[in-house]
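Protein chains in written order, with this note's numbering: chain A, 111 to 221; chain B, 8 to 119.
Be aware that a few hints might be false.
[As the list claims (entries may be wrong)] Listed below are the simulated PhoX-like cross-link pairs for lysine-lysine, each with C-alpha atoms no more than 20 Å apart in a straight line:
id, chain 1, residue 1, chain 2, residue 2
1, A, Lys151, A, Lys119
2, A, Lys150, B, Lys63
3, A, Lys151, B, Lys12
4, A, Lys154, B, Lys12
5, A, Lys177, A, Lys129
6, B, Lys111, A, Lys151
7, A, Lys150, B, Lys12
8, B, Lys111, A, Lys154
9, A, Lys132, A, Lys177
Hints were generated in silico from the structure; no laboratory data involved.
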Amino acid sequence: DTAVSQTPKYLVTQMGNDKSIKCEQNLGHDTMYWYKQDSKKFLKIMFSYNNKELIINETVPNRFSPKSPDKAHLNLHINSLELGDSAVYFCASSLRQAGYTFGSGTRLTVV
Amino acid sequence: DQQVKQNSPSLSVQEGRISILNCDYTNSMFDYFLWYKKYPAEGPTFLISISSIKDKNEDGRFTVFLNKSAKHLSLHIVPSQPGDSAVYFCAASGGGADGLTFGKGTHLIIQP
Chain A
111 DTAVSQTPKY LVTQMGNDKS IKCEQNLGHD TMYWYKQDSK KFLKIMFSYN NKELIINETV
171 PNRFSPKSPD KAHLNLHINS LELGDSAVYF CASSLRQAGY TFGSGTRLTV V
Chain B
8 DQQVKQNSPS LSVQEGRISI LNCDYTNSMF DYFLWYKKYP AEGPTFLISI SSIKDKNEDG
68 RFTVFLNKSA KHLSLHIVPS QPGDSAVYFC AASGGGADGL TFGKGTHLII QP
């Protein structure tokens with residue numbers, strides 16, 4: 111009974127493609143996030159989103175966009191994939207900035 | 008500009024001894040600090056947290072100490088067990104909806 115689930119776990123795709131990673135949480139949390147772990151293993155926030163606001167890390171290219179159909183889902187869309195987008199992407203959620211829970215990650219490889 | 012720093016990429020400790028992982032931060036607005044444990048191919052798992060109004064929080068074998076004046080926190084694991092071998096991330100929050108700021112992690116290796 112996974113609290114934060116993201117799919118797919120692995121994604122291999124060619125440069126220039128558009129892809130999506132899905133995330134769902136069943137914790138009743140009010141805020142969801144996307145983090146990127148790069149080749150140096152550094153975890154950096156990309157987006158945070160609740161019903162009221164989307165906060166974007168200014169270093170994230172606009173090829174990345176979060177889509178939230180409802181409070182339990184925050185999907186990540188990536189357009190025109192580049193080699194440098196290869197990383198592990200983690201979804202997370204929290205309730206009023208507490209109880210942060212992470213998904214198991216999606217390893218994206220762009221070839 | 009790293010706002011959360013873990014200066015030891017790795018740490019090796021003998022089983023049964025105390026493991027001490029350190030973390031420094033620069034942003035005075037941080038008021039909530041967390042430690043996460045991560046195994047390969049898995050997401051970070053929450054271990055323990057501390058609010059800036061406290062200087063110590065304990066949960067079983069894990070204790071986190073916060074020194075606000077020094078902008079320093081540490082995680083103590085005692086006694087260390089083989090299953091504690093993992094990467095430990097220090098993270099901080101400023102209370103807003105802008106998520107956590109992570110350190111680069113410390114790879115803890117517990118030797119038998």
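Holds or violated: are the alpha carbons of lysine 150 of chain A and lysine 12 of chain B at most 20 Å from each other? 14 Å, holds
Proposed proximity, lysine 151 of chain A with lysine 111 of chain B (alpha carbon, max 20 Å): 7 Å, holds
What's the verdict on lysine 132 of chain A and lysine 177 of chain A, does the C-alpha distance respect the 20 Å limit or exceed it? Between lysine 132 of chain A and lysine 177 of chain A the Cα gap is close to 9 Å, so the pair holds against 20 Å.
For lysine 177 of chain A and lysine 129 of chain A, compute the direct alpha-carbon distance and say whether it is at most 20 Å. This hinted pair holds, its Cα atoms lying about 13 Å apart.
Next pair to validate is lysine 151 of chain A with lysine 12 of chain B; report whether the Cα-Cα distance is within 20 Å. The hint holds at about 13 Å.
Please work out if lysine 154 of chain A and lysine 12 of chain B have their alpha carbons no farther apart than 20 Å. Within the cut-off at roughly 13 Å; holds.
Verify the proposed pairing of lysine 151 of chain A with lysine 119 of chain A, using a straight-line Cα cut of 20 Å. Given pair lysine 151 of chain A, lysine 119 of chain A holds - Cα atoms ~17 Å apart, limit 20 Å.
Between lysine 111 of chain B and lysine 154 of chain A, does the CA-CA distance stay at or below 20 Å? 10 Å, holds
Against the 20 Å threshold, does the CA-CA distance of lysine 150 of chain A and lysine 63 of chain B hold or violate the hint? 31 Å, violated
The earlier numbered hint that this structure contradicts is number 2, and it is the only one.
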